[in-house]
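4 protein chains.
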Amino acid sequence: MAGNTFGQLFRLVSFGESHGKAIGGVVDGCPAGIELDVEKIQLDLERRKPGQSKIVTQRKEPDTVEIYSGLFEGKTTGTPIGFLIHNTNQKSKDYSHIKDSYRPSHADYVYDKKYGFRDYRGGGRSSARETASRVVAGAIAKQFLKEVKINAYVSQVGELKLDEHYQELDFSLIESNPVRCPHPEMAQHMEEYIKTIKKEGDTIGGVITCVVQNVPVGLGEPVFDKLHAKLGQAMLSINAVKGFEYGSGFNGVTMKGSQHNDTYNPDGSTQTNHSGGVQGGITNGMDIYFNVAFKPVATVLQAYDTINKAGEKVTAQGKGRHDPCVVPRAVPIVEAMAALVLADYSLLVRTNRL
Amino acid sequence: MAGNTFGQLFRLVSFGESHGKAIGGVVDGCPAGIELDVEKIQLDLERRKPGQSKIVTQRKEPDTVEIYSGLFEGKTTGTPIGFLIHNTNQKSKDYSHIKDSYRPSHADYVYDKKYGFRDYRGGGRSSARETASRVVAGAIAKQFLKEVKINAYVSQVGELKLDEHYQELDFSLIESNPVRCPHPEMAQHMEEYIKTIKKEGDTIGGVITCVVQNVPVGLGEPVFDKLHAKLGQAMLSINAVKGFEYGSGFNGVTMKGSQHNDTYNPDGSTQTNHSGGVQGGITNGMDIYFNVAFKPVATVLQAYDTINKAGEKVTAQGKGRHDPCVVPRAVPIVEAMAALVLADYSLLVRTNRL
Amino acid sequence: MAGNTFGQLFRLVSFGESHGKAIGGVVDGCPAGIELDVEKIQLDLERRKPGQSKIVTQRKEPDTVEIYSGLFEGKTTGTPIGFLIHNTNQKSKDYSHIKDSYRPSHADYVYDKKYGFRDYRGGGRSSARETASRVVAGAIAKQFLKEVKINAYVSQVGELKLDEHYQELDFSLIESNPVRCPHPEMAQHMEEYIKTIKKEGDTIGGVITCVVQNVPVGLGEPVFDKLHAKLGQAMLSINAVKGFEYGSGFNGVTMKGSQHNDTYNPDGSTQTNHSGGVQGGITNGMDIYFNVAFKPVATVLQAYDTINKAGEKVTAQGKGRHDPCVVPRAVPIVEAMAALVLADYSLLVRTNRL
Amino acid sequence: MAGNTFGQLFRLVSFGESHGKAIGGVVDGCPAGIELDVEKIQLDLERRKPGQSKIVTQRKEPDTVEIYSGLFEGKTTGTPIGFLIHNTNQKSKDYSHIKDSYRPSHADYVYDKKYGFRDYRGGGRSSARETASRVVAGAIAKQFLKEVKINAYVSQVGELKLDEHYQELDFSLIESNPVRCPHPEMAQHMEEYIKTIKKEGDTIGGVITCVVQNVPVGLGEPVFDKLHAKLGQAMLSINAVKGFEYGSGFNGVTMKGSQHNDTYNPDGSTQTNHSGGVQGGITNGMDIYFNVAFKPVATVLQAYDTINKAGEKVTAQGKGRHDPCVVPRAVPIVEAMAALVLADYSLLVRTNRL
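Protein chains in written order, with the numbering used here: chain A, 1 to 354; chain B, 1001 to 1354; chain C, 2001 to 2354; chain D, 3001 to 3354.
Just so you know, these hints were derived from the structure itself, not from any lab.
For glycine and all other residues, C-beta sits at the position ideal for the given N, C-alpha and C.
Careful: at least some of the hints might be erroneous.
Listed below are the simulated SDA-like cross-link pairs for lysine to any residue, each with C-alpha atoms no more than 25 angstroms apart in a straight line [to be verified]:
1. B:LYS1195 x B:LYS1319
2. C:LYS2054 x D:GLN3259
3. C:LYS2099 x D:ASN3352
4. B:LYS1319 x A:GLN271
5. C:LYS2099 x D:HIS3274
6. B:LYS1256 x A:PRO50
7. A:LYS40 x D:PHE3117
To list a few chain C residues with every Cβ distance to chain B over 10 angstroms, as calculated [as the list claims (entries may be wrong)]:
8. ASN2004
9. VAL2026
10. THR2077
11. LEU2084
12. ASP2119
13. GLU2159
14. HIS2165
15. PHE2171
16. GLN2188
17. HIS2189
18. MET2255
Whenever a hint applies, use it, and build me the whole structure from the sequences.
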């Protein structure tokens, strides 16, 4: 209820603050019998971790996952999987610039108003550091989903936008560059652009596209828990996300029904896929694809005006080691949240029929 | 779990098929002591109902709500509010064209695959008729929220798009035209365009913008249940919705952090509002605004190719009385879902502090 | 959250007040494909309904269930089953004796304190009339469970207590007498005793024993949702219930481990069954059996002292047509709640393994 | 859903196996602003821990709680409180006697059937070691509840049963003896009896009585989530519990309504308290009191017959360091679960009224 739980049957409870001793989580409802490759979890954490390239934050945190339960002789037991990622980079640094004043477009102000006070160190609970727990859970979910393939990539940074549809791209190139854009030339442009932005002490937004393939027919629940509605919640719950669209998305608005409708082939597949693999909230077996819009990171390394707790105007200076553009590191987070949604519905679908 | 429940503390359970005896719902968790004006509920139902103008479906259904419980001497008692809306327009008509074949981009195929069979009459549970139950619950939520003002309007139909920001519009004009666009001139264009589309037997998509004002600070829960994430789920759960964005949305992607950040005024308000009234998933007291993208309605009154249950190609003819454009009637549905989200978080926020 | 929902995957939401227009409910999560015999539902309602014999309340209510959704061509569709039972016996009678004063050991006082006011007519939401909705949902659950056999019977009324263990009794005799005790001689004593109590204008408590047979191995979830823990909640949620015990129950306290342990047979069955069919919260395939203790009904047809809203002492006179002993009519309610618990866990168990 | 979560608003998620690296949990929904005394948590853990006296298991585990999140400058922040208790006593001992065969009346058999295999070391997830996590969460809940007083004590061991009603006892004597019975003379008898049982290599059951005082009026939700129903689930979810009764309990069955009804005093208190502080599922401000029946521990240090995985009869020898009687160590667990229930309802009650 307090917002730290995601999923109904395959469920993650997340905990931890940016500068506490550790962050962590509990994956509950993971079926028994999965041979869990812990290295794969660690691999996804590496894709998310700070310091991995020059275009991301230069903080150094190893982000090593420790699993405390739910595994026996290499297999999931059906009992909850508790895990920790220790925070190793908690400098006893000077937080005075954020302790008593509110950084614009951060959660500082609203946390203070909501809870009466806040753990201001590095953003506390509102820090995107929390998403490491999601990556762990998502990596477990991926191993449960097995045959389902989830690939996310950066399709836009600022005004630099891929024209290619996902089907024209080679997903094996995603990890070939620090931007995680499967179009090497565009990736190069994006990388340079992010470096320029970084030099300015500024930040820029971006879009991640995610494609889910080999999806069984029938996942998703009618009415409020339509598959794409839960995917939407999942993506919008990631820090800095401002928008979500699937299939034809916002562009579908300008289409006519006669154009937009996806005609069936005899095998139940469709000739076009404006539906984005989901009809009436339920998967039809076609690829699911969706876009997630990220705003520019709020921390800019510039001077800014704001207010303090007393409501007085103050001037502050942005500092720290932050991402000039969040999307390269957010790729595994988008994948993780997609995996969590699909894992949950993969269990729910088992209960639909006599 | 089966997708028919929305909300945690202020909760709607919805039931009913398009051509069953009735649809209905239960609102559970509505606080005691609200003087409930049932006419206001009926008024919102009128805004959603078929046959209200020439640009919507010409079906005639009175859509009268009957409340069975939870009210005593005009006030809510804190116990669940059960209600029905009888289906009065269930013609014993010929469904043979949809009984054995699958309408493209409808839920026919996936329901059959998921459940083994389906109530094919008028789309059954997947029909947008279900949203009438949401309008009832939302109208109750609005009366609980009282001081919070929720206004939705049509901001785009096909390529016809309002340039004006919501602050330049007069919400009192929304109901002055059948399109529900508060810009009379544009409304006129949209209306004519929809009529043209209708004559073609075709359909067209659109966008609804929703603005929530007078929102208290502190609504929304961290991490997975961020206010905008639940709003996103709520909107994406409405039939035909393909996308959701709030605040700067997809446009925010191209902005720099230094531009995008909303500078605080001494009273905690912000000079700009790219955040869309939500920071870190929690309301900051500024207006919440968001866009909801609707695809064109799948039912076109044209001949189309599809497959039947046996996987054989068949040709069918779209018929019935359907909406050429769904957005005019979807305005109260968007408001209802927004109200449900806000009501839920208005209760949750009471539990945050000692 | 507000207490009107039971079950996670197979779920009942109940609504309605004793003297409103109707009570009802929604069964959500019932799997598709069950050929539902509505007469069987009605049959269980008859077993619960007032006026069925001389030892129960003489109110006359037909208690006819009307189903509004979730059924198509005689089968469940996997969508929510909404139903109503109209209240036909709502006399516009004089409630002045309970409107402003609090009946001892009823919920009048606490409802007023909790909600600020209450629907005082016939107890409103706190009336046991609500259990009719449970009987409907339970009768649906029974048809899902099919091979599982649930039999409840009256094993004690006041001091009159059956010595026989359930295995010495013939369940086919349960419905042969108005007490619903499968021991005809004891049933006779109980019936006479209840008549005596009734003449005194008094009431008496009793115990219902319930036996569940043909249960698959593996139902129940570890830790907090142990099968017997949810059965306990289910039973204790029935009006007037004061205690629950399963297997060896309170008597098991005096046994030694060496006596109490159930030795396995080669087929996994056990030689004794002190475990009551549940070990570690999970069914082992043996019979589940448990006892439910009911206090005497609070409404006595005698004069009594109490207080009014102003906290002043008043004298009142019990009146109305109430049950001298609630257990005969509670038998189908106990069965219904057991069926709901088992149906829920029968779905959950499908999600345990890869 | 998988049974490891308890509570709706004040919620514990528990994880960990008896012989894994650690057990732990997450308390989510704890309100912000509580000055949390971690030593008090540790104190309750000491009351539960093995090796504390000669009548409990002689295992040695320090059971030290480590808190990882949700606390800042000594106060709860409103964010989830993640904690671990490391398992320090995991001997690499010989489990061959339980690896391939099933201990009678343990969860070995049902876990294997349910999940396909099990972590057999020390009972794995089904071990009562898990209850240490509950004690931590309960100790946090107690500090939230503050003015509410929860006292549990041993009222019966085998046939040795306290005749005194809780009001005749001095709760300050509970911790004065290893049995945790506030009647020193009876405590002495019980202690000797347990020692005798221990010498026999056998075990014996017992009853814990729990009393909750200074409870506000209005806690508890109608219908399915009645306060006593959730208390019942909470208690029955504790390992080895076979029965629960509150107020008059099973004895109330033999009373007449005219005797059982609790007459109101002008201040809303009642002259008697057969209701056990709960009417219609909602607290009336009187003391809540209830009994919890524990069966004898299944592990006896004797030879026993059982079956192995292949269904073959085998003979085994009970060994290890187990409790001859579980109730002395279960006292803080009962209190913890009561605290969790009350904390949850203390938050829910805030949402009842406009």
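| task | Compare the structure with the hints numbered earlier in the document and write down the numbers of the violated ones, lowest to highest. | result | 8, 9, 10, 11, 12
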